[in-house]
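Keeping their order, the protein sequence lines are chains A, B and C.
Each residue of the first sequence is one higher than the one before, counting from 52 in our numbering.
Each residue of the second sequence is one higher than the one before, counting from 5 in our numbering.
Each residue of the third sequence is one higher than the one before, counting from 562 in our numbering.
Errors might be hidden in some of the hints.
Below, computed lysine to aspartate or glutamate pairings styled on DMTMM-like, alpha-carbon distance capped at 20 Å [claimed, not checked]:
#1 A:K231 <-> A:D294
#2 B:K31 <-> A:E133
#3 A:K122 <-> C:D1131
#4 A:K122 <-> C:D1134
#5 A:K118 <-> C:D1135
#6 C:K1146 <-> C:D1135
#7 B:K31 <-> A:E128
#8 A:K231 <-> C:D899
#9 B:K31 <-> A:E126
#10 A:K118 <-> C:D1134
#11 C:K1087 <-> C:E1008
#12 A:K122 <-> C:D1135
#13 A:K231 <-> A:E133
Among chain B residues calculated to face chain C with C-beta under 7 Å, some are [unchecked claim]:
#14 M5
#15 G44
#16 T45
#17 I48
#18 L61
#19 V63
#20 S161
Hints are computed from structural coordinates only; laboratory data are not their basis.
Every value quoted in this text rests on a predicted model; they were computed, and no experiment measured them.
Backbone N, C-alpha and C fix where the C-beta goes; we use that ideal spot for every residue, glycine too.
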Amino acid sequence: MAIALILVVVVVGSIMFHVLSPWWWTPIASNWGYIDDTLIITFWITGVVFTLVILFMAYCVLRFRHKEGRKAAYEPENNKLEWALTIVTGLGVAAMLAPGLIVWAQFVSVPDEATEIEVLAQQWSWNFRLPGADGKLGLSDNRLIDADNPLGVNRSDAAGQDDIIIEADDLHLPIGKPVKVLLRSADVLHDFYVPEFRAKMDMLPGMVTYFWFTPTRTGEFEILCAELCGVGHPHMRGFVVIDTEEDYQEWLQEQSTFAQLSSPTKLSAAARLEE
Amino acid sequence: MIAALIFLAIVVAIAGWWLSRQRLFSKPWLETGNAGLAPGTEAINQPASKVGLGVFLAVVGALFALFFSAYFMRMEFPDWRTLAMPRIVWFNTGALVLSSIALQMAVVAARRGRLQALRQDLLAGAAAAVIFLVGQVLAWRALAELGYFATSNPAYSFFVLITGVHGLHMIGGLIALARTAVQSAGGEVTERLRTGTELCATYWHFMLLVWVIIVALLAGWLNEFADICRQLLV
Amino acid sequence: MADATPQAVDNIPPAEVPEVELYHPKSWWTKYVFSQDAKVIAIQYSGTAIAIGLVALVLSWLIRLQLGFPGTFDFITPEAYYQFITMHGMIMVVYLLTALFLGGFGNYLIPLMVGARDMVFPYVNMLSFWVYLLAVLVLVASFFAPGGPTGAGWTLYPPQAITSGTPGGQQAGILLMLASLMLFIVGFTMGGLNYVVTVLQARTRGMTLMRMPLTVWGIFTATVMALLAFPALFVACVMMLFDRLLGTSFFMPALVEFGEQLEYGGGSPILFQHLFWFFGHPEVYIVALPAFGIVSDLISTHARKNIFGYRMMVWAIVGIGALSFIVWAHHMYVSGMDPYFGFFFATTTLIIAVPTAIKVYNWVLTLWRGDIHLSLPMLFAIGFIVTFVNGGLTGLFLGNVVVDVPLSDTMFVVAHFHMVMGVAPIMVIFGAIYHWYPKMTGRMLNEAMGQFHFWVTFVGAYAIFFPMHYVGLVGVPRRYHELGDATFVTDSLHSLNAFISVAALIVGFAQVVFMFNLFWSLRYGKESGGNPWRATTLEWQTPETPPIHGNFGKDLPIVYRWAYDYSVPDAPDDYLAQNDPWPQKAPASEAAS
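So that you can see chain A by itself, here it is in the shape it has in the complex:
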């Protein structure tokens, strides 16, 4: 008796919790509303299955619990029923998988007009690089990283000279323009994760990974690291600020290029040599 009751309580309680609790995903700020839609489809299908299976079990426990003189039915199998259930399950799975794969196809095909930007993670902070006036990011390599060149930009690549370097500061992006985020890591695995953007991807030293998105809402969004990267993992925070086009241009004017950042050191080094 008690177990049948608790099964009903579990089902009803779970549904109530889902509907009434204040804990739900953050308001979306990117074009990946489709991901949310697929999640909702999955919630519906799995929710219905959970409810039906557990309530059916509660009914069985209540109806067929042991009483004096009860004898169980002798029924080794029922082919028709089993196949019917298999087919229904298969259809349910397909109903989740198909939209999932369609959205994934969009997720992996980056639009041609997307601007490439780079994120370089290190223990435990975020650095960014935006292509300069030429619209191209210069070559880079972890082996080139040193105090003067925290992102390891290749000095002999002309395309890199006008790249804008943002070291351990907020990243700004203009609203409505698709961005291809190139992800690098200087040391260990990290994961660039902004809950409001829905998309995330690991960053590995020695490799460049990517994902793309289009910001759809202005505001400040917190960057978290979502791959355990050592003791400072939870403190590895940063912000992406989505600006209107004007604000973005204004911010961009204040940033320094790679050439600007490295020339003063070159000058001082040359000066030191002369002395």
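Fit chains B and C to the known structure of chain A by using the hints.
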């Protein structure tokens, strides 16, 4: 993971073939009693040690298949350079082949009950295997003298790793072989001695097969195969 | 298709398989310590697994204290926290669940259930336990090593597993962890050979595969999988040891840590992840399949009804076992591997849901029109179904590649895998202990303590892990020592975390009651007799309880029927044991014994 998957496909094929003869589609609740049981559906009528060796070789096979998978995956990275095999490896391969042949002859001798021949064959097999192991140590040293060390070239790291694991398995095999050889000091060819000889021979042939694949892999003969697999995947 | 009518029984001679030469213990030491009897080894395995599992349980309290009440407990530093989660995860998955299901239940039940006197290689079987114990001791030693155990997370991903930003990365912690895992794998392989070959080669007369209880099917298939999957972990461990000790670059790319260029170059962290999950995903089913098998037998026995769709159950176990080897990369959707793999692995992953769902339907349909005795094993079986269905369904979120993207590496994942491979299999373990304890000791476990244990564990575990999904949905990443004040973190979220922690402490306390019950009932439990549940399978038909060395009497039992003849129409009793020749008379030799 292509090598591991190919290996698994082989295991699944063997298991599937065996299961297909176990009447998995029968309805057991309708078949009470014992008289009409289909032949081959009861316990396997082979010594446990033989069945056990078969299962163990599947595990060893999985281990090496996974090493090969790791090798193929690591190969794709730009710092890869195929290794120049030291000449002594070919000599070692010959020793291992001879060792396997000797043990096969031991099996024949055991089946025919010729104790003297059996002893000689077991010793010859063991001696050739020891020569193989010594040769492998020389091969490692030859590579080290060429200026390789573990950090300089991933192919060399793999050479040390995979041939090292193979060598450990050969040492384990030699211990089993020694036990069999001790039994052969008795007066006659017992059932136990015959089974032991057969088990050693099977193990040796398997380790030879693994060795041939290792050599083919490290010498770069399987690179084209890897390329084809990669194209299939992408 | 053999759709035959029941066939007549002839008197058949006893086993044609030659009697095994039994090893006979000569002293106390060889009887209870260096024993080669599978039943003693089973208890040694279970005891060790439960003991180290209690350590992991205490670690889980510490983890929850930190998460529920951040800043309150100063001794839980970030270093300690990451060491706790790493050890908690690794112990629970490998040293508790795998060892208990295969080493514990496998050793105890396989020989008894298939009608064998012992495992086929008793000496190797004994070695298996001692190597396992050594592995556990090496693992425990890492707690006392300088720098403490590794804090790399149970997945041990390089580069961080062996760099200085991680606790134990540049100290002994990671080395001891890798050594312990390699020992575990060697020890397990010794045991696994026994379990597989015993099922293949030592089944008694009449025990065809399709007459085996699903428990044996589950453990057998899981062992085969483990034998093929653990080598992947072994390879990963050896290669990482090389990287850490010899400076090779299998997994290590060029990297700059805290401004210093390390010597490595060219390796691939993703290679490690492929190897790890090639083991790691089958591992999930290595834990799940024995649970599937055992729970089928618990439900059937305690509902007095044959398991519904036995054939489908067998096919599903074999099918899941095979499929589970081609789904591993669903753990790596956001790892940076070629994103086009996502299509393949999402499809295979969701396909595996179909046979799994069939199993769930069949368990529930076994209850339908049954005669359900709400005994403790049955209660735990019901608890298993609820948590497994819940955890299995959230698996459909994470298996579907694009849905996984926002959820991966959040608390949603933590909630999912705890529900599906933590709580659910542990429910089965408890049910199984309540079920087989009488066979192992001759006494029943105390019912009142058992009821308390069940209700607190079931309701409590659900209260821990169901809300935790929503913590992840909000966006809280896993493996955060403290959440701090992210923009999306509300006060109510902190209260929810505190609630979860309190529930976890209460559930933990219930396990203490269970442990007490295990010892208390040894002495004061009600005497059970040989077959208290009136079950059909062979372990309940032994002449002595607990079974003595050699398991059965002078002759091995002969099997006449499948394992699920409950409530057969016209039968004299509501169950027919597998060695009951009804409707024929027993052969003379059996009747005499």
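Now for the hints, and whether the structure bears them out:
no.	hint	verdict
1	A:K231 <-> A:D294	holds (17 Å)
2	B:K31 <-> A:E133	holds (15 Å)
3	A:K122 <-> C:D1131	holds (12 Å)
4	A:K122 <-> C:D1134	holds (11 Å)
5	A:K118 <-> C:D1135	holds (14 Å)
6	C:K1146 <-> C:D1135	holds (18 Å)
7	B:K31 <-> A:E128	holds (10 Å)
8	A:K231 <-> C:D899	holds (16 Å)
9	B:K31 <-> A:E126	holds (12 Å)
10	A:K118 <-> C:D1134	holds (16 Å)
11	C:K1087 <-> C:E1008	holds (10 Å)
12	A:K122 <-> C:D1135	holds (8 Å)
13	A:K231 <-> A:E133	violated (47 Å)
14	M5	holds (6 Å)
15	G44	violated (10 Å)
16	T45	holds (4 Å)
17	I48	holds (5 Å)
18	L61	violated (11 Å)
19	V63	holds (5 Å)
20	S161	holds (4 Å)
In this structure, the hints that do not hold are numbers 13, 15, 18, in rising order.
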